[in-house]
Every structure is written in structure tokens, then in C-alpha cells.
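Add chain B to chain A, keeping to what the hints say.
Protein chains: 2
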Amino acid sequence: MPHILDLDAIRPLLDADRLINEIEAGFALYSEGRVNVPPVGFLHFDDPPGDVHIKYGAITDDDVWVLKVASGFYANPSLGLPPSDGVILIFSQQTGALELVLHDRCWLTDMRTAAAGAVAARHLAPSGVDHIGIIGTGVQARMQLEMLCSVVAAESAIVWGRNPETVREMIEDLTRSEPIAAAGLTIRAAGSVDELAAASRLIVTATSAREPLLRADQIQPGTHITAMGSDDDGKQELDAALLGRADRVVADSVSQCSEYGECVHAISAGLLARNDIVELGAVVRDSALGRTSDDQITIADLTGVAVQDIQIAKMIARAQRER
Amino acid sequence: MPHILDLDAIRPLLDADRLINEIEAGFALYSEGRVNVPPVGFLHFDDPPGDVHIKYGAITDDDVWVLKVASGFYANPSLGLPPSDGVILIFSQQTGALELVLHDRCWLTDMRTAAAGAVAARHLAPSGVDHIGIIGTGVQARMQLEMLCSVVAAESAIVWGRNPETVREMIEDLTRSEPIAAAGLTIRAAGSVDELAAASRLIVTATSAREPLLRADQIQPGTHITAMGSDDDGKQELDAALLGRADRVVADSVSQCSEYGECVHAISAGLLARNDIVELGAVVRDSALGRTSDDQITIADLTGVAVQDIQIAKMIARAQRER
Chain A
1 MPHILDLDAI RPLLDADRLI NEIEAGFALY SEGRVNVPPV GFLHFDDPPG
51 DVHIKYGAIT DDDVWVLKVA SGFYANPSLG LPPSDGVILI FSQQTGALEL
101 VLHDRCWLTD MRTAAAGAVA ARHLAPSGVD HIGIIGTGVQ ARMQLEMLCS
151 VVAAESAIVW GRNPETVREM IEDLTRSEPI AAAGLTIRAA GSVDELAAAS
201 RLIVTATSAR EPLLRADQIQ PGTHITAMGS DDDGKQELDA ALLGRADRVV
251 ADSVSQCSEY GECVHAISAG LLARNDIVEL GAVVRDSALG RTSDDQITIA
301 DLTGVAVQDI QIAKMIARAQ RER
Chain B
1001 MPHILDLDAI RPLLDADRLI NEIEAGFALY SEGRVNVPPV GFLHFDDPPG
1051 DVHIKYGAIT DDDVWVLKVA SGFYANPSLG LPPSDGVILI FSQQTGALEL
1101 VLHDRCWLTD MRTAAAGAVA ARHLAPSGVD HIGIIGTGVQ ARMQLEMLCS
1151 VVAAESAIVW GRNPETVREM IEDLTRSEPI AAAGLTIRAA GSVDELAAAS
1201 RLIVTATSAR EPLLRADQIQ PGTHITAMGS DDDGKQELDA ALLGRADRVV
1251 ADSVSQCSEY GECVHAISAG LLARNDIVEL GAVVRDSALG RTSDDQITIA
1301 DLTGVAVQDI QIAKMIARAQ RER
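For the record, the sequence lines run as chains A and B.
According to our numbering, the stretch in the first sequence is residues 1 to 323, in order.
According to our numbering, the stretch in the second sequence is residues 1001 to 1323, in order.
For the record, the hints were derived by calculation from the structure and aren't laboratory data.
Predicted, not measured: the structure shown is a model, and the values here were computed from it.
Idealized CB from N, CA, C, for every residue including glycine.
Here are some chain A residues the structure puts well away from chain B; computed CB gaps all over 12 Å:
id: 1; residue: Glu172
id: 2; residue: Ala183
id: 3; residue: Ala189
id: 4; residue: Val278
id: 5; residue: Gln296
Just the calculated beta-carbon pair ranges, DEER-fashion:
id: 6; chain 1: B; residue 1: His1003; chain 2: A; residue 2: Arg176; range: 29 to 39 Å
id: 7; chain 1: A; residue 1: Ala181; chain 2: B; residue 2: Arg1321; range: 38 to 48 Å
id: 8; chain 1: B; residue 1: Ser1078; chain 2: A; residue 2: Glu32; range: 28 to 38 Å
id: 9; chain 1: A; residue 1: Asp231; chain 2: B; residue 2: Ala1269; range: 40 to 50 Å
id: 10; chain 1: A; residue 1: Glu32; chain 2: B; residue 2: Arg1323; range: 42 to 52 Å
id: 11; chain 1: A; residue 1: Asp6; chain 2: B; residue 2: Thr1292; range: 47 to 57 Å
Bound conformation, chain A alone:
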């Protein structure tokens, strides 16, 4: 019978530093056309409101294929439950057999999403980032900063969120976080987005904003911005003009980012051509396609690709076998 691992069993099996490398390798495979990612399946519920995403796919000639079910049920917090749940199934590409069930409750999705931000920063941030700016105060905003400690040697981080109390709590929590403490990173609240943008050469937006939070005129030359909040229709974190002004716009998946995410708004406004978007996996393979000087503005638009789920699931399966 295939094993089912719960979150407590999964957490110790994941090595965050190796994860970044595996996600990076996954993007490279994806951009080489070596990953079969069929369209995402959706189910919507009205009462109580809930959304389910079904993502699945396979790397060509790999040992396994992977299916993920991730859900958001928005009334759950009023019942004392987390809003998200998730499970990943790993099947053999040789026999079709179900090999492992990871009942990760979306934690692996959060981790692979944070790791994608680290991959983008590794390849696109300018040299010598002193201050990291984080816009957003949710789980993903926190995980982004923790994961960035592995790839960027900054002195401090600056956090902006709409609710100062939530910002304060986030800073308190993060100060006690192991990767933040190990990196010796100090964290403070930004008085405004203007202040954050003026001070930070690496900015991450991780919000569910439906109106732009960052404008083109706020950004200094030599800044990299990773936008990861927009994963569905109607969401937007960056002003379209900012993508128009950027020297490089990179997307995890050009096909997905042409439908939702940040790029779609700039394409609609005639400020960005689809052909000008470079895929993150292409930058991984050829750094000349990414940042070529420290005074450029670069943007990474991340919407989440099933190859990330495949890569992180394989890591857990391997670690479990090797125990």
C-alpha cells in the first residue's frame, strides 16, 4: 500500500537550500519544453465559497508523474480551520502505480512558491543588495524573506503592509525565525511604499492586491522586483507602466503570464509585447537573457507552474526513501 505522509512527517524531509536548486532545475526543464503540463482543472463552490485547483504533469522520461489538489475555502477561518488544504499524489511513469500521498495541506505549495522567488532573485537581483523590501504580510511574504536569505547577503529588510499591527507581528515572528537569525538580518517597518522603494534594490510583492501597489516612478535604477501575488484573473500588484519601463521582464511561464499575473495588464495596455517576455528557465540556462548590468530594472512575474510541484514532490519522495 502506498504511504501517506502528513505535514509533520513531510517538514523534516525538506532541505530548503537544495529546494532552490531543484526548483531552478525544474524551470530550466520547463523552458526547454521537457515538461508536459496540461491545463489546470478548476472546481468552484458557492456555499460555503471555495475554489479548487487541480494541477498535474510530467517531466519527459522521468520516473514519476505528479498530481496536486489545492483548495481555498474562505469561510474556514471562521470555523477555526486554515483556509487552504492540499494533497500531492506521486505516480510511477513506468507502471502508473500510486507511490506516495503527501498530505501537505499546501505547505509544499508555499515552499515551492517561495523557492521560485529565490531562483528569480539569484538570477536577476543586482550585486550588493543591502536592503530587501517586502510588500505584504501573509504566509508567503514571510516565506519569501526566509528563502531569500539563502541567495542574497543583505543587511536588513523593510516591510510594508496596509495594517501596521500585522506588520509589527510579522516582524516579531520573523526575528525569531531561524534562517533570518542565521543571516543576521534586521527587519523594520516601512513608513510608506515610497520609502521602501527608495531604499530597496530587491523588492518582493506577495499580496492579493487587485490594484497596483508599485508605480513606475517609485522604482530606482538597479532594482529587481519579484511579483508573486497575482495568480488569478483580476489580481495586480505592479502598475503596467512599471513593466513598460523595465529593462527585462521575466515570467515563470510565458503562456500563463499572458493570461493572468502582471504581464497580461502591460500587454493589454500596449506597453509590453509577449515576445519581449523572457522565461525564467531560459534565464537559468543563459544568464545573458537576464540582467546584464547593475543599473537595470528587472521584473519577475511568477504565477506558479506544475513543474515546481513535480520537483518538490520528488524531493520528498527521495528523502523518504533514503531515511
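Frame of chain A; chain B shown alone:
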């Protein structure tokens, strides 16, 4: 942590007689438009060759939603493994939480498919069927006959298959089967399809034929035929003219049977209009839409609908809770 049940744990939880009623109720809900069944997801592998089908859906205002992964890996038998594998996941419609994993290895798919044949026979077979004709010798052909014992009081069954040795083995196995023995059904081999068609007022085809096995001129008035082998492009068990001659053509899903199955061939040949096909769930709700006299020829074209997976999964979940 959600339970995972393997096949040994699942088998004793299923009550075959109740299953037929639940599948019948599921078809009625489906034909009332009360089931959300998104398009089937597919993954294909070349080396070794394998196909994966991902079916999922939800009955409106139900407690749960269900996702099924079913695979066929055709080189498995050469490795001493069964060609099919399958797993069904049951999630809450209230919270999105994963509630139960059924690692049924496709047995529940076989059972719900056989139960659909029994539903079709219950509503469409003429009164007084003395002999049941079974065309095909695979797992599904056997299960169809076993399940029919619950709804039809026949004296005997007649089996036809291309390989007489396989027919002999099937008859030997079935004679020892509990439902067949309990019904006192005798089983013999048919010398030809002609002989089978002449003797049987209820015929089931359960083959993977790509050329018609039954012709219009072979069928006696007052016969019901259930065709369930055609579940994909290019498969066909019944001559299109037979559907043209039938008094009633019933499909489990009009939308699916207009794309594959038996109806599609008759529609292409101009022998059947899509509007003339009646959905099985509509017949369940209103018997006047089905057979109205004992000398009519009726046909049921079954391709398999996700509501069957939902219904059988719910039965297992309920039985497991009540243990």
C-alpha cells in the same frame, strides 16, 4: 490524518445491490443538471505506453466532491502487474479537507461500470428475459453478468468471445461465482454471434472492438442491448444501422456519447439525431421515455460518467464511517 483504504479494506464495504440503486440515483441527478462534471483530464506516456484519465466532479449541495485517477499501462502484464491502477480521493465540500483516499486499483471503476449496466437493464430490458447474451470475456463482461443477476430473473446466459479457450475459462470461473450460483443461472458458450443474438432478449457487449460485432439484421424484436466497451475514440461494438433501427437509443451522457461511444457513429452516418438520444437518468425519472412495449428494440450506450465515481466513493465512505 485522512485514512487510506486499500482494495482488501474496500471490497467488504461495498453492497452490490445498494450500489445499483445509488448509481441509478446518480444518473438521475446528472440528467437533472445537478452534477458539475468538468472535462476529463488526460496524460499520455509513450515509453512504456500508458494512459491516465483524471475525472472529478461534485453533486450540487452535497457533502463531498470526488477526484479519480485511473491509469492503463499496457506493458504491465509483461512485468507480472495488472494493467490498471486507480485511486479515488474524497474531499469535503464544506471545508475542502481531504477526507478519505480509496486505493481501489480500478475495482470501484469496474463495479460502478457493471452497476450502470444493471441500471440500464432494469429500465430497458423487456419483461421475461430467459437468456442473457454476453459478448466479451474480460473482467467487465464477467462483472456485468454477475450484476445483472440482481435485476433480471433469467434462466441462462450465453457467452461469445473470439477465443473459445477464454470463453471456457470464463464460464468455469463464473459458475463458481456467488451471485451466479445464487441466481441458479446456467452458462454456456455460443457457437456464433448469430446464435447468441437469436436466443437472447438482453445482450451486453463489453469488448474493446474497433469494428462492429453486432449487426442490425441479427437482432430480434424485443431485445435490449447494452454496449459498454466503447470508451474512447475509434472503438465501436454495434453497427451504426442497428442504432438507426432501434426504437429507443439511451446514453449515460448525451454530451459524451456524441463524441465517442456508439451513438457518434450513427450520428455521423446520418442514422441518428442527437436530439433523439434519451439520457439514462431521464429514463430513470420517467419510464415513458424508455421502453414502452415488449417488442421494441432498445440500446443503452454507456461511456462512464464521473457521477458514478462520486456515488460509489460516497458509499464506501459511509460504510467506513458506520463500521
